[in-house]
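K.L.:
Listed here are the chains, written in short residue letters.
2 protein chains.
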Amino acid sequence: MTELRIAIVGFGKIARDQHVGAIAAVPGATLAAVASRNASLPDLPHFATIEELLEKGPPIDAVSLCTPPQVRRAQAVAALRAGKHVMLEKPPGAGVAELDPLIAMAGETKRTLFATWHSRHAPAVEPAREWLAARRIRSVHVNWKEDVRVWHPGQAWIWEPGGLGVFDPGINALSILTRILPKPVFVNAAELAFPANCQAPIAAKLTLTDIDGLPVTAEFDFRQTGPQSWDILVETDQGRMTLSRGGRIMAIDGKTVAEAPDEEYRELYRHFVALAATGASDVDLAPLRLVADAFLLGRRTIVEPFVG
Amino acid sequence: MTELRIAIVGFGKIARDQHVGAIAAVPGATLAAVASRNASLPDLPHFATIEELLEKGPPIDAVSLCTPPQVRRAQAVAALRAGKHVMLEKPPGAGVAELDPLIAMAGETKRTLFATWHSRHAPAVEPAREWLAARRIRSVHVNWKEDVRVWHPGQAWIWEPGGLGVFDPGINALSILTRILPKPVFVNAAELAFPANCQAPIAAKLTLTDIDGLPVTAEFDFRQTGPQSWDILVETDQGRMTLSRGGRIMAIDGKTVAEAPDEEYRELYRHFVALAATGASDVDLAPLRLVADAFLLGRRTIVEPFVG
Numbered sequence: 056m057t058e059l060r061i062a063i064v065g066f067g068k069i070a071r072d073q074h075v076g077a078i079a080a081v082p083g084a085t086l087a088a089v090a091s092r093n094a095s096l097p098d099l100p101h102f103a104t105i106e107e108l109l110e111k112g113p114p115i116d117a118v119s120l121c122t123p124p125q126v127r128r129a130q131a132v133a134a135l136r137a138g139k140h141v142m143l144e145k146p147p148g149a150g151v152a153e154l155d156p157l158i159a160m161a162g163e164t165k166r167t168l169f170a171t172w173h174s175r176h177a178p179a180v181e182p183a184r185e186w187l188a189a190r191r192i193r194s195v196h197v198n199w200k201e202d203v204r205v206w207h208p209g210q211a212w213i214w215e216p217g218g219l220g221v222f223d224p225g226i227n228a229l230s231i232l233t234r235i236l237p238k239p240v241f242v243n244a245a246e247l248a249f250p251a252n253c254q255a256p257i258a259a260k261l262t263l264t265d266i267d268g269l270p271v272t273a274e275f276d277f278r279q280t281g282p283q284s285w286d287i288l289v290e291t292d293q294g295r296m297t298l299s300r301g302g303r304i305m306a307i308d309g310k311t312v313a314e315a316p317d318e319e320y321r322e323l324y325r326h327f328v329a330l331a332a333t334g335a336s337d338v339d340l341a342p343l344r345l346v347a348d349a350f351l352l353g354r355r356t357i358v359e360p361f362v363g
Numbered sequence: 056m057t058e059l060r061i062a063i064v065g066f067g068k069i070a071r072d073q074h075v076g077a078i079a080a081v082p083g084a085t086l087a088a089v090a091s092r093n094a095s096l097p098d099l100p101h102f103a104t105i106e107e108l109l110e111k112g113p114p115i116d117a118v119s120l121c122t123p124p125q126v127r128r129a130q131a132v133a134a135l136r137a138g139k140h141v142m143l144e145k146p147p148g149a150g151v152a153e154l155d156p157l158i159a160m161a162g163e164t165k166r167t168l169f170a171t172w173h174s175r176h177a178p179a180v181e182p183a184r185e186w187l188a189a190r191r192i193r194s195v196h197v198n199w200k201e202d203v204r205v206w207h208p209g210q211a212w213i214w215e216p217g218g219l220g221v222f223d224p225g226i227n228a229l230s231i232l233t234r235i236l237p238k239p240v241f242v243n244a245a246e247l248a249f250p251a252n253c254q255a256p257i258a259a260k261l262t263l264t265d266i267d268g269l270p271v272t273a274e275f276d277f278r279q280t281g282p283q284s285w286d287i288l289v290e291t292d293q294g295r296m297t298l299s300r301g302g303r304i305m306a307i308d309g310k311t312v313a314e315a316p317d318e319e320y321r322e323l324y325r326h327f328v329a330l331a332a333t334g335a336s337d338v339d340l341a342p343l344r345l346v347a348d349a350f351l352l353g354r355r356t357i358v359e360p361f362v363g
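These protein sequences, in sequence, are chains H and X.
Using our numbering, the first residue of the first sequence is number 56, and each one after it goes up by one.
Using our numbering, the first residue of the second sequence is number 56, and each one after it goes up by one.
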């Protein structure tokens, strides 16, 4: 197998916490360079920008864009124009429509565009999807509450326009939801709580449904101290399914039926290596479309300023 | 030709100002009933709700939904389930994703779903599209400013979540823009001015672009007194094209080259009659997607309360 030589672009928390280790662990993937304004890795070619990387860097086949969503589109265009496969951290863009020309460009040049949703690769997600496919679903509740100070320290971009605020973790829940439910859901109503000093919400409540009127509610909150929640509860005609710890544990009526260690990012890179072998793309915009709709039709309230 | 028997649902300003006259003027279309909480027309069957219309009304083939966007989806589902063709006023929904199941349902039942963009049928739009197709476009500016008190008297829904505010007229400009430009555009940045007492913006500035970096700017304002503007200016390698009066007049370097009386809504109903003859659908979500993206990645400012 030819190694896929990957450069990480944007070397912040997620790149250090997840991408470096995942690339090292996945056969067929090699970390070949880093492009980042400030950060670098010992013994690895380093460049300040993607342009410099593409112009002066070592030979690479692919880039993994770990930059904030607001700057990722231009970087993806540059990489695709240079003939590289592109992997996008979530969310895949600052807006939905900006993805269309990237998808078209990747298709024309036979390069892979992979919009990742790491939470979909949590170990209990597929078992949950399969279990639900054989049941009648009565209601769904998503409870996704975490402490932004713990999980997003110093990430100022998250509060800027296009940074999504609490939807940055919330979109993980939506990426699981849109995977495990048998029919597409859409947003009926939303309440968005914006800190007075921020351009993105710190908390949100969503009401979603599908064509059959399935009641789906979601609560996202960035102000959760103490126990953290990344849970999806599904009531069915054959009991309550709980997907907890961000998709890592599945339980039926309180009894754990699936649990495995987290390999989300390894799965992403395994999939990226497989996609790049044929130049196929994998871009599902459903989770980002739901967030855009929540912003479009949501009721905004202003809450107390956020102090990081 | 069999007459398409149409019921108007939602009998507000746009239904009275445009739909009734257009249906009367278009061969093959007949107004058969009205469903509206309060308003009715003399000599025409009247029902309070679409459910009552579908249950007790005269035979109809189609409904034209002129209700506010927030309630239209449920009405469209009811109509499609009853086997009726459906025409949607703009915007086609309160959110983008809610259209997906409607499109699927229309396809499965071979009924027409027609998401209308009346401004696309303004007489100078097609000449403008054809003229631009043969030129190199350098920049685009949209100037869409009107007095909300004149054009939307008493329309409280426009300020509610999902009501779009200044994007209610602004989406008309975006519907023309997405029709006349040769490549898809997307939103790069947006500024949204929300009155302190409203859930929808009263003014907006957008920066858009396409894959080639075309500079496109748009200014929408609901506070325009005096002269009103519904103009799109396009600089090309062969002069400046101006599309003014909402797409009714096209000029090149100040010289009018196309101008015709407004038949926008007649064109819509001619198209609806033609679509319904085969059960084909026509749903282009591009304008609404741009608005959703503007809300998603826009910078919000709070401005003085709006007093209607």
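Note that these hints are calculated values from the structure, not bench results.
Treat the hints with care, as some may be off.
Just so you know, same-sequence chains aren't split out, so a pair can sit in one copy or run between any two.
To be verified - Here are the simulated lysine to aspartate or glutamate pairs, DMTMM-like style, with alpha carbons at most 20 Å apart:
hint: 1; residue 1: 68; residue 2: 267
hint: 2; residue 1: 238; residue 2: 155
hint: 3; residue 1: 238; residue 2: 181
hint: 4; residue 1: 238; residue 2: 163
K.L.:
Now, for every hint given, state plainly whether the structure supports it.
P.N.:
Hints and how they fare:
no., hint, in the structure
1, 68 x 267, "neither (41 Å within a copy, 32 Å between copies)"
2, 238 x 155, "between (23 Å within a copy, 11 Å between copies)"
3, 238 x 181, "within (15 Å within a copy, 38 Å between copies)"
4, 238 x 163, "between (31 Å within a copy, 15 Å between copies)"
The structure is inconsistent with hint 1 alone, although it conforms to all the rest.
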